[in-house]
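Chains as they are written, first to last, in our numbering: chain A, 1 to 576; chain B, 1 to 117; chain C, 1 to 463.
Careful, some of the hints might be misleading.
[As the list claims (entries may be wrong)] Okay, the calculated bits of chain B under chain C, using three or more residues with CB under 8 Å as the criterion:
| # | stretch |
| --- | --- |
| 1 | 57 to 68 |
| 2 | 85 to 91 |
[Claimed, not checked] A few chain B residues that face chain A, going by a derived Cβ cut-off under 8 Å, partial list only:
| # | residue |
| --- | --- |
| 3 | HIS11 |
| 4 | ASP12 |
| 5 | ALA15 |
| 6 | ARG25 |
| 7 | ALA37 |
| 8 | GLY41 |
| 9 | LEU45 |
| 10 | LEU47 |
| 11 | THR48 |
| 12 | LEU49 |
| 13 | SER53 |
| 14 | TYR73 |
| 15 | LEU95 |
None of these hints come from the bench; they were simulated from the model. Note that the Cβ used here is the ideal one computed from N, Cα and C, for glycine as well.
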Amino acid sequence: MTITSAGTLAILIAAVALVTLVVRPRGVSTVDFYLAGQRVGVATNALAICGDYFSAASFLGVAAAVYVSGLDGVWYAVGFAAGFVPVLLFVAAPLRRFGEFSIPDFLGRRLASERVRLVAVGVVQTVILVYLVPQAVGSGITWQLLVGHGLPGLSAYATGVVLSTAVVAGLVAFGGMRGTTWTQAIQFLLLLGALVWLAVAVAGSGFHYSEAVADLSAEPLANPVHGDAGWHLQPESNQLDPGAPATFGQPGAAYGPLAQFALILTLVMGTAGLPHVMNRYFTSPTGTAARMTTVWVLGLAGLFYALAVMLGTAARQQIAAAVEHHPWLEELTVDGVLRVPEHALPVLGRIYGGDSGLAVVAAGALVAVMSTIAGLLLAAAASWGHDVYERHINPRATQSQAVWAGRASTVVAALAAGALAIAMQPDDPSPAVPSIVAAMVTWAFAIAGSALTPVFVLAIWWRGTTAAGAIAGMSVGGLVSVSMFVVGALPVGPGLGETLVTPTLVAAPLAALVTWLVSRATTPPADVERQWLVLHGTAADRHAERLARLTIASAEPTRRRRGRGTRRQGDRDADR
Amino acid sequence: MEHDDDGVDEHDTPAEVDAAFRTLRRVAIAHFVLFLAAVMGVPALSLTLGWWSGGRLAGGMSPGFAMAAFGLYGFFLVIGLAAATLSSAVEARMLGGRNDQGTDYAGDPYPSDGELQ
Amino acid sequence: MRTGSAILAGTIGVTWAVVYLVTQVFVSPPLGVGTTVAAGTVASVLLVLGYPSALRGPRAARTLRRWSQPRGGSDPRPGPGPGPDERGGEGRGVERSRRRIVAGGRRMPLRSGLTADAARRTAELLRPLLGGDAVVITDRERNLAFVGPGSDHHQAGGLVRATSVRSAIAKGRTVVSRRASSMGCDDPDCPLRSGVVVPLVVGARVVGTIGVFRTHDRPTPRDQVEDMASILSLHLELAEADRERKLASDARLDALRAQINPHFLFNILNTIASKSRTDPDEARQLLLRLSDFFRYAVRQEGQLAEFAQEYFFVRTYLSLEQARFGDRLRVRYDIDPQVLTAHVPVLTIQPLVENAVKHGLADKVEGGTVTLRARVDPLTRTTSIRVTDDGVGMTADVLDGLGAGAGATRAGTGARGEEGARGGVGLQNISERLTALFGERFTLDIQSTAGAGTVVEVRVPLR
Numbered sequence: 001m002t003i004t005s006a007g008t009l010a011i012l013i014a015a016v017a018l019v020t021l022v023v024r025p026r027g028v029s030t031v032d033f034y035l036a037g038q039r040v041g042v043a044t045n046a047l048a049i050c051g052d053y054f055s056a057a058s059f060l061g062v063a064a065a066v067y068v069s070g071l072d073g074v075w076y077a078v079g080f081a082a083g084f085v086p087v088l089l090f091v092a093a094p095l096r097r098f099g100e101f102s103i104p105d106f107l108g109r110r111l112a113s114e115r116v117r118l119v120a121v122g123v124v125q126t127v128i129l130v131y132l133v134p135q136a137v138g139s140g141i142t143w144q145l146l147v148g149h150g151l152p153g154l155s156a157y158a159t160g161v162v163l164s165t166a167v168v169a170g171l172v173a174f175g176g177m178r179g180t181t182w183t184q185a186i187q188f189l190l191l192l193g194a195l196v197w198l199a200v201a202v203a204g205s206g207f208h209y210s211e212a213v214a215d216l217s218a219e220p221l222a223n224p225v226h227g228d229a230g231w232h233l234q235p236e237s238n239q240l241d242p243g244a245p246a247t248f249g250q251p252g253a254a255y256g257p258l259a260q261f262a263l264i265l266t267l268v269m270g271t272a273g274l275p276h277v278m279n280r281y282f283t284s285p286t287g288t289a290a291r292m293t294t295v296w297v298l299g300l301a302g303l304f305y306a307l308a309v310m311l312g313t314a315a316r317q318q319i320a321a322a323v324e325h326h327p328w329l330e331e332l333t334v335d336g337v338l339r340v341p342e343h344a345l346p347v348l349g350r351i352y353g354g355d356s357g358l359a360v361v362a363a364g365a366l367v368a369v370m371s372t373i374a375g376l377l378l379a380a381a382a383s384w385g386h387d388v389y390e391r392h393i394n395p396r397a398t399q400s401q402a403v404w405a406g407r408a409s410t411v412v413a414a415l416a417a418g419a420l421a422i423a424m425q426p427d428d429p430s431p432a433v434p435s436i437v438a439a440m441v442t443w444a445f446a447i448a449g450s451a452l453t454p455v456f457v458l459a460i461w462w463r464g465t466t467a468a469g470a471i472a473g474m475s476v477g478g479l480v481s482v483s484m485f486v487v488g489a490l491p492v493g494p495g496l497g498e499t500l501v502t503p504t505l506v507a508a509p510l511a512a513l514v515t516w517l518v519s520r521a522t523t524p525p526a527d528v529e530r531q532w533l534v535l536h537g538t539a540a541d542r543h544a545e546r547l548a549r550l551t552i553a554s555a556e557p558t559r560r561r562r563g564r565g566t567r568r569q570g571d572r573d574a575d576r
Numbered sequence: 001m002e003h004d005d006d007g008v009d010e011h012d013t014p015a016e017v018d019a020a021f022r023t024l025r026r027v028a029i030a031h032f033v034l035f036l037a038a039v040m041g042v043p044a045l046s047l048t049l050g051w052w053s054g055g056r057l058a059g060g061m062s063p064g065f066a067m068a069a070f071g072l073y074g075f076f077l078v079i080g081l082a083a084a085t086l087s088s089a090v091e092a093r094m095l096g097g098r099n100d101q102g103t104d105y106a107g108d109p110y111p112s113d114g115e116l117q
Numbered sequence: 001m002r003t004g005s006a007i008l009a010g011t012i013g014v015t016w017a018v019v020y021l022v023t024q025v026f027v028s029p030p031l032g033v034g035t036t037v038a039a040g041t042v043a044s045v046l047l048v049l050g051y052p053s054a055l056r057g058p059r060a061a062r063t064l065r066r067w068s069q070p071r072g073g074s075d076p077r078p079g080p081g082p083g084p085d086e087r088g089g090e091g092r093g094v095e096r097s098r099r100r101i102v103a104g105g106r107r108m109p110l111r112s113g114l115t116a117d118a119a120r121r122t123a124e125l126l127r128p129l130l131g132g133d134a135v136v137i138t139d140r141e142r143n144l145a146f147v148g149p150g151s152d153h154h155q156a157g158g159l160v161r162a163t164s165v166r167s168a169i170a171k172g173r174t175v176v177s178r179r180a181s182s183m184g185c186d187d188p189d190c191p192l193r194s195g196v197v198v199p200l201v202v203g204a205r206v207v208g209t210i211g212v213f214r215t216h217d218r219p220t221p222r223d224q225v226e227d228m229a230s231i232l233s234l235h236l237e238l239a240e241a242d243r244e245r246k247l248a249s250d251a252r253l254d255a256l257r258a259q260i261n262p263h264f265l266f267n268i269l270n271t272i273a274s275k276s277r278t279d280p281d282e283a284r285q286l287l288l289r290l291s292d293f294f295r296y297a298v299r300q301e302g303q304l305a306e307f308a309q310e311y312f313f314v315r316t317y318l319s320l321e322q323a324r325f326g327d328r329l330r331v332r333y334d335i336d337p338q339v340l341t342a343h344v345p346v347l348t349i350q351p352l353v354e355n356a357v358k359h360g361l362a363d364k365v366e367g368g369t370v371t372l373r374a375r376v377d378p379l380t381r382t383t384s385i386r387v388t389d390d391g392v393g394m395t396a397d398v399l400d401g402l403g404a405g406a407g408a409t410r411a412g413t414g415a416r417g418e419e420g421a422r423g424g425v426g427l428q429n430i431s432e433r434l435t436a437l438f439g440e441r442f443t444l445d446i447q448s449t450a451g452a453g454t455v456v457e458v459r460v461p462l463r
């Protein structure tokens, strides 16, 4: 690492940290801490959702998956981008209108059951932890490449993990969500900026996308493997057509026929159950705004993933061509193919931008990791502090006690994720999964999509959902998906293993079925009609919009309406 | 506009909300089926139709790769925008309406604010 | 072809062109012919099915204007629409008939719309409703009714004595008095100390006032009185329009006359008055809804309106009836998203629903459910609206009587008394208007089983 890259990196990170501190909220109440006052505009909110959502898995992982497996890696991009369509269709507006802090809060109040809330907290915490680990792994990998050596007593990888989780945990605990909403948005812009710069640089160097795909598809796809005789390239076997070689532009390099669908479905269903993304919806001013926010997110996500796929393709072609001009690539590649596919974007950055380019991409990666970790830690803090501590451990907690409970849980979650990431250090990227980071994120999507999404969607769209049904559904979905992971980790034969690590195809319908059956046998909450008015009626939205118009129209802003308390009061009024 | 801004909370009746709910559910399911067909159709076509991954668009990319690399994201945006505008339009037309109705009538001789002068 | 079919055909053509280019020209080797045709067919079917829902959003407001022109003759003209001149001519026709309605009466409409007796009933109803100690209804010179303390010197039929009332008539604006001095009663012993006086306006003319007085210094909230005044004004305007109906050939006024009648107003005012003691918030909501209801009815100008507007009218009406009938009246709407922007004849659905409530459910002790189902059939390009009730139903001969024309209808349903006859007029009127609009291209079906309920279904071309 040179002075240039260190300097660029330091400046970028410092800028983000500065923004966090400058927009730090003054008065800290739990509502402020968690909700940023519900005054965040649609666009800012969309950017912030993107900042939460686009993690290391998206920035490094998607390009890496495309780099390794070609078209089969593109399914990651498709699945990640598609996930917001079900969110838009089924979740965004009703969730916002119901006006609760978090997924457990929503389920708990909707089904009038504290047990549902606690089970949901359990599932949410599992999802968060499983999602946190690959982010920490991603930052470890980035540090490894960028700095190369660690703090005394720690490996380079472990240093990356420890530093990123510690810094973000500190920012979340003391910045509050107001800070992170803006930083999420700014971090996403930085991330997108890095990607766009790289795409422009690649395109400017005469890269032709369509021809590159054709060129790469012309010969069999082969990736480095560490064997007895050191590193060598080994052709990928075609999962669809065992006789033929796998190529870049054809499906089959990584997934069998069923696994292709299973992967996409897992990612599609998972997004609606991701706690850190769903929590953002509570900061939209109205249900309609939540819906439009999602449209923005779909547009931004489409742009982001189209670029990431293109850059993965470009990396495959350009890095091989650049090896002879860039001696430093020797130790990272085998015959022009990177050993660790997650290095694809940073290496591309260094080829086109020198040390500063590397630093920009590395900053993008670290920022992706940091913003996602921040969102996850915040969701963890919200569900521990709000759903468990304030309701069950210390119901008479003061505001400051609740905030401290949130901060403590932030630190605990960060510690757990860091420890797991160090324990799971990927020494030797296995060829079975295209990208370790993207694959690990898939697990979180699988649990969320199997345990939370079916119950969540049923609770919104079916009056008959009951607390017992929801508990049964979440338990079945969670257990089935986790046990399928475990079975999938055993050697069960080609093709089946990939299907088992993306269990939503089986687990989600099962969870929905169990929820339905158990709900049919039990009685739904008595006030379901009243809840329906709040979930699907727009009275509170119209009221809020009118108040907003009035506030804008009146010359002197009415003080008593400016608090978000009034807004929430409006929700409560509509309940009655 | 003086009196009905402040004093009145907006109000939906259960029957109206139920109607809007079922209409929106229909919208959501129809769009979801379309979405699922597209997103599952791309890998399905590459398994079944040789042309899908064997054909060459100008330059050499196959239709399947082009769809997965950028076509689908455009489709997601379009279907999302369609669903969002349709849902919002349905909600605006099926719920509330007292204030929204007035905008269609310029020079309304019966102003909705009751300030008959 | 006026219904946007040309656009649909064009879109399908473009789709086929795109399919052809993508599968045959840009790609080598081209896709097989069979597969290409299959892909194009799937795309076309999706387009035809999804097309009606594309007719939404901002365009709706513009098309609404175009369709609000009433059309003479029975058959809609084919082609992209009448020329501007022609339309302008029709527009002037509307203007003329409306002006006649507004400016026609020189007599005091309050006397014919709300007689002194009706004014007294109204004032008695409004006194608890508006929380006043005394309520006065005047025309331009005299008190028509005065209820409450002070009626000894403010007699009904006597000249207006309070200056605040006179100034409200003169200025045409609401006058709020907070002290006895500004009330301006010439009797020093008058117990009334504060009051709100709102003019009643028909068109642009002040035809009278309604005043709510209190014996202490805090007047009734002004907005409540103004809401009530606007409802009464609309009602007076309707009464006037009703009288002018003989002059106007517009069949729409028939519908207005049939639907918006004093019975309904007094029934719902009674309901609101009783709610105002138990649940003032709900009473206030109902008052607003009532005001919406009358406003919509009066300002519908054309022959066709967006279904969403008619739906608004129907649910406003039904929410008022629900307040009156309570749990006995259950409502279920089943509405296609596409149908919301379709254009349907104005003031046709609410009469059907009103018939279902009045004749189907009102006589049934345990009450029942009214279902409004609206669908668009994209293949036959029709809008179908079905009103179902599970009320008392009709026997076959009553049903036959309904179908046998106006005279038979009025006589045939005589057993049901005046209300039944009016229901018949409603159906007759709807049928006539549909014929005028669509010629033979509509259906109006009524099925009924005594004791099991009635189904009325209207199908009109999709607009």
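A quick look at each hint next to the structure:
{"no.": "1", "hint": "57 to 68", "verdict": "holds (count 3)"}
{"no.": "2", "hint": "85 to 91", "verdict": "holds (count 4)"}
{"no.": "3", "hint": "HIS11", "verdict": "6 Å, holds"}
{"no.": "4", "hint": "ASP12", "verdict": "4 Å, holds"}
{"no.": "5", "hint": "ALA15", "verdict": "10 Å, violated"}
{"no.": "6", "hint": "ARG25", "verdict": "6 Å, holds"}
{"no.": "7", "hint": "ALA37", "verdict": "12 Å, violated"}
{"no.": "8", "hint": "GLY41", "verdict": "11 Å, violated"}
{"no.": "9", "hint": "LEU45", "verdict": "10 Å, violated"}
{"no.": "10", "hint": "LEU47", "verdict": "6 Å, holds"}
{"no.": "11", "hint": "THR48", "verdict": "10 Å, violated"}
{"no.": "12", "hint": "LEU49", "verdict": "12 Å, violated"}
{"no.": "13", "hint": "SER53", "verdict": "5 Å, holds"}
{"no.": "14", "hint": "TYR73", "verdict": "3 Å, holds"}
{"no.": "15", "hint": "LEU95", "verdict": "5 Å, holds"}
In summary, the structure is inconsistent with hints 5, 7, 8, 9, 11, 12 from the numbered list given earlier, while agreeing with the others.
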